[in-house]
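Enquirer: Now for the letters of each chain:
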Amino acid sequence: MSNMHVTAKVNGDEVEFLCDPRETLLDVLRDRLNLTGTKEGCGTGDCGACTVTIDDRLVCSCLMLGVEASGKSVGTIEGMAEGDTLHPLQKKFVEHAALQCGICTPGILVAAKNLLEKNPDPNEEEIRYWLAGNLCRCTGYDKIIRAVQDAAKEMREAS
Amino acid sequence: MNYHTPSSFSDASAIAASAKGKTRFLAGGTDVLVQMRSDIITPDDLIDIKQIQGVKDITKNKDGSWTLGIAVTGAEMSEHAEFKKAWPGLVEATDLIGSTQIQGRATIVGNLCNGSPAADSVPAQIAAGATVSIIGPTGERIMAVEDIPTGPSKTSLVHGELISAINVPARGENAGDAYLRFIPRTEMDIAVVGCGVSLRLDNGTITEARVALGAVAPKVLLVDECSKALIGTKLDETALKKLRQAAENACNPINDKRGTIEFRTEVAGVLAVRTAKKAYNRAQGK
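From first to last, the protein sequence lines stand for chains A and B. Counting in my numbering, the first sequence runs without a single skipped number right up to 159 at its last residue. Counting in my numbering, the second sequence runs without a single skipped number right up to 1286 at its last residue.
It should be emphasised that the hints constitute simulated quantities derived from the structure, not laboratory data. Treat the hints loosely; a few may be bogus.
[Stated by the list, open to error] Dumping the calculated DSSO-like pairs for lysine-lysine here, alpha-carbon to alpha-carbon at most 30 angstroms:
# : chain 1 : residue 1 : chain 2 : residue 2
1 : B       : Lys1286   : A       : Lys9
2 : B       : Lys1060   : A       : Lys118
3 : A       : Lys118    : B       : Lys1050
4 : A       : Lys118    : B       : Lys1056
5 : B       : Lys1062   : B       : Lys1154
6 : A       : Lys72     : B       : Lys1056
7 : B       : Lys1286   : B       : Lys1234
8 : B       : Lys1050   : A       : Lys9
[Claimed, not checked] Computed footprint of chain A on chain B; a stretch qualifies when at least three of its residues, placed anywhere within it, have a C-beta under 8 angstroms from a C-beta of chain A:
#  : stretch
9  : 1001 to 1015
10 : 1027 to 1034
11 : 1038 to 1051
12 : 1132 to 1140
Note that the Cβ used here is the ideal one computed from N, Cα and C, for glycine as well.
Kindly produce the complete structure, drawing on both the sequences and the hints.
Expert: Shown next as structure tokens:
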């Protein structure tokens, strides 16, 4: 089959792309839209590195086809900072050194942001369960959890 | 690969029925995309059934029964307070599958049609007495969930058939369900044994019981002997002992790195007891 034409929203902007129906959304984001912030880890939905939001719900972009994004609203790590101003989560990840190699970080940030939108004051257990689908082989997770807690606190105080 | 987005189940069925090569239906995709990626299956026709009207709906019918659309995700089931209150065991079983990201896509019809003997939601569906509506080239039919899987990765659906809805009975009074599984870690693993139980009581005496076991046979089992051990009792020690024995007797598991035959058999008995107690407490409103 030839390429298909797809219209979707990515980080609030309307985008159009052509893709083979076998291409995953992850492939489309990285190779067709040049949004390389979303990383490929396992490619089978186990590691969460490719996490994005579809209509404000978390999904692994490797487990979704690009053509399925038609008419949907996709959120990626590129939509998180506003210009040069980092999102509080991004700022706290830097402050707490909650990343080392950084491959898992975009997925964790997207997942953590989605959590705080639903639950502005999660306890540690809730954060750990929510982020259980985001594997990190460097940090041992503690710094990530502390960074999310600290960012949540700052966001609550700011609102 | 041809990608189709039919707007009705009969169209979806017609596409599948006339397809010459390999066909897959796509709802949540959490199994199909992994199989495509691993070259286990390369479909010639992929039929995305999410654009059919009503597939995302959880509907409470006039008689109190429920109809779940085939594209309702685990997350959507967990967020539906009234459905969760009626069938907490089914919702918990579904919620055990995968991560937050998987819950955003995965469906219980997909869990059923993937045909894994270890599928977490399936023993809970069977215990609940759920049925599925099927549309195919020869028309529509309804089948009990326990009659869908026939073995690992195999179902009784024939060429051109697909499930169009899952029907969960009305919960009614003095009733409760539960699902427990054993895994070697705390989260996100494949069941070594899973057990679903649904009970109805009359003044503390069990009048209806359905017990289903997962991962202990080539397909998920509905164990009638377990029901017989429970009906007419108040879940006393004798009943629990009989239940445990009946669950162990039903086992015909594999030996693998996650559990030996002996281990799975013993755990099936233990889980049947614990799950029955949980369902019993729920039926009593505890």
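Enquirer: Could you run down the list of hints and mark each one as holding or not?
Expert: Each hint tested on the structure:
no., hint, result
1, Lys1286/B x Lys9/A, "violated (47 angstroms)"
2, Lys1060/B x Lys118/A, "holds (26 angstroms)"
3, Lys118/A x Lys1050/B, "holds (25 angstroms)"
4, Lys118/A x Lys1056/B, "holds (21 angstroms)"
5, Lys1062/B x Lys1154/B, "violated (34 angstroms)"
6, Lys72/A x Lys1056/B, "holds (15 angstroms)"
7, Lys1286/B x Lys1234/B, "holds (15 angstroms)"
8, Lys1050/B x Lys9/A, "holds (19 angstroms)"
9, 1001 to 1015, "holds (count 3)"
10, 1027 to 1034, "holds (count 4)"
11, 1038 to 1051, "holds (count 4)"
12, 1132 to 1140, "violated (count 0)"
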